[in-house]
Amino acid sequence: MAMMRRGCPFLFLLRLLSQVVISVATSKGLTFSITFNPPYVHDLVTGESAVVRMTLNNDGHNKSHLATISKAIVLKSMNEEIVSISSKDEDWLYSQLDPNDSNSPFHYQKNFTMRGNFLGKTAICVRLSVADDLLEPGDADYKELPRECTLKSKNMFDVWVIQQRGRVVNHIFLSTLVLLIVIANVLMGCELDLNLVLETLKKPIPPLIGFCTQFIAMPLLAYSIATIVFMSEGLHSFALGLFVCGCAPGGGASNYWTLLLDGDLPVSITMTFLSTTAALVLMPAWMWALGSHFLRSYDAGYQIKMPYAKIISSLFTLFIPLMIGIMLTRWRPTIQTKVRKVMRPFLIFVLVFLVCFGAAANLYMFKLLTWTALLGGLLLPWCGFTVGCFASLFTRQSPKVVTAVAIETGIQNTGIAIMLLKFSFPEPDSDISALIPVICASFTPIPLLVMVMVHETIKYIKKRRQPSLQDTEATKKLNYGERMIPPAELIIRKPEEDVSVAAL
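Using mature numbering (1 follows the signal peptide of the UniProt record, and there is no 0), the letters of the sequence shown correspond one by one to residues -23 to -1, 1 to 481.
Keep in mind the hints are simulated off the structure, nothing from the lab.
Among the hints, erroneous ones may be present.
Below 20 Å or equal to it, Euclidean Cα-Cα: the simulated PhoX-like pairs (lysine-lysine) are [unchecked claim]:
hint, residue 1, residue 2
1, K282, K377
2, K377, K287
3, K436, K180
4, K179, K377
5, K315, K287
6, K287, K344
7, K282, K399
8, K287, K179
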């Protein structure tokens, strides 16, 4: 019945073919450019709206034909969870035109309102299509085949959605985090024994291995994981957070894990000191070399600059307190003994604060939490342990050195990574990327706890076997009398006694 209403299919194909021919002929030179006012929005607050004016410009060619064609303007958000178009002004506002001049330029203007739903980066995609209204009313279904115009300029409007500024709980978290990092580095400097470091450096191979794994292998590993896991999914902010975390120096907790696993503690302490000092230069160097790859915007004309000055100033909060702690120890050596009693519980408190209060102060992180984010945050420390372990094994180091290098490589200073991201990079990159160091800090202790359990189990089994061996030795001593002469010795000495008696 539908075919009968439409008439002869050959006539329909003939009409469709004539439409295409006429459309191509009349659209010669039909070129547009699109401009936006403002050119981009990078400060749209979550829950608020913004109005943007879009202008469609034409150079004036085929102006008489433009008045007769139907125009279709499609505005679509690339991610509705971040930005949605709440209202569209369907009425075009024509500019003042000279109707007698068919070649005079003209433009259309249109306003649209967008609403920020959740922090992130996205774009409003503009698609302009025109179609000559040559089909019969009964053929409306076939109008799904519009002919797109040529756009000389961009057709994507860049939008960044940020959190509300001035949140008290966020300021409290960041201020407390900075204070804890400063205190932790002062304590680390007080605990550091420079004589021990200098003595360890006399055998430079283990510290050199750790330095290479920390500042060569880990940044490259973080770059690879970020590119494969995050960049392939368009998660640029997550990739930035993982890369910054991979470039961070070793954490102070590595010394205590090394102690628990009976590793080489002097090597661990030396590596922590060297990585903390070298981070002042090497972290900005890695940011300059590879970090810009993760600073992306949908607007190709907008360049996000790497904030080197802010990065270096943030790292000084790591370096200066460390030097203060070292000088305090030189001035009053008794401080070192007191600090060692406080350091371990303080680092545990910092870790708990970082994960628990950080999550409570930034509840948006739970919505950002995906399996992809968990995978990336898990791979970095676990692969770091593996890289440090095999690098030491390939260079034929002792088991204690292997343990120290593996732990030092896998444990990153996630606190300095979060602080650097929060204070150095623009929103929303700073807020989104800070989730990855938190995930890394949460997954780092898991393999270490397993290794501690295995290590303690082996030590317990050896301890159980040791008393039984001691009992066996005691039994032998009782059987052979006070002289404790073994049977072999008695057999050897017996002929000598017989010979001496015969001689007498």
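Right, here's what the structure says about each hint:
no. : hint           : in the structure
1   : K282 with K377 : violated, 44 Å
2   : K377 with K287 : violated, 38 Å
3   : K436 with K180 : violated, 29 Å
4   : K179 with K377 : holds, 17 Å
5   : K315 with K287 : violated, 34 Å
6   : K287 with K344 : violated, 28 Å
7   : K282 with K399 : holds, 16 Å
8   : K287 with K179 : violated, 36 Å
Violated hints, listed in ascending order, are 1, 2, 3, 5, 6 and 8; each of the other numbered hints is respected by the structure.
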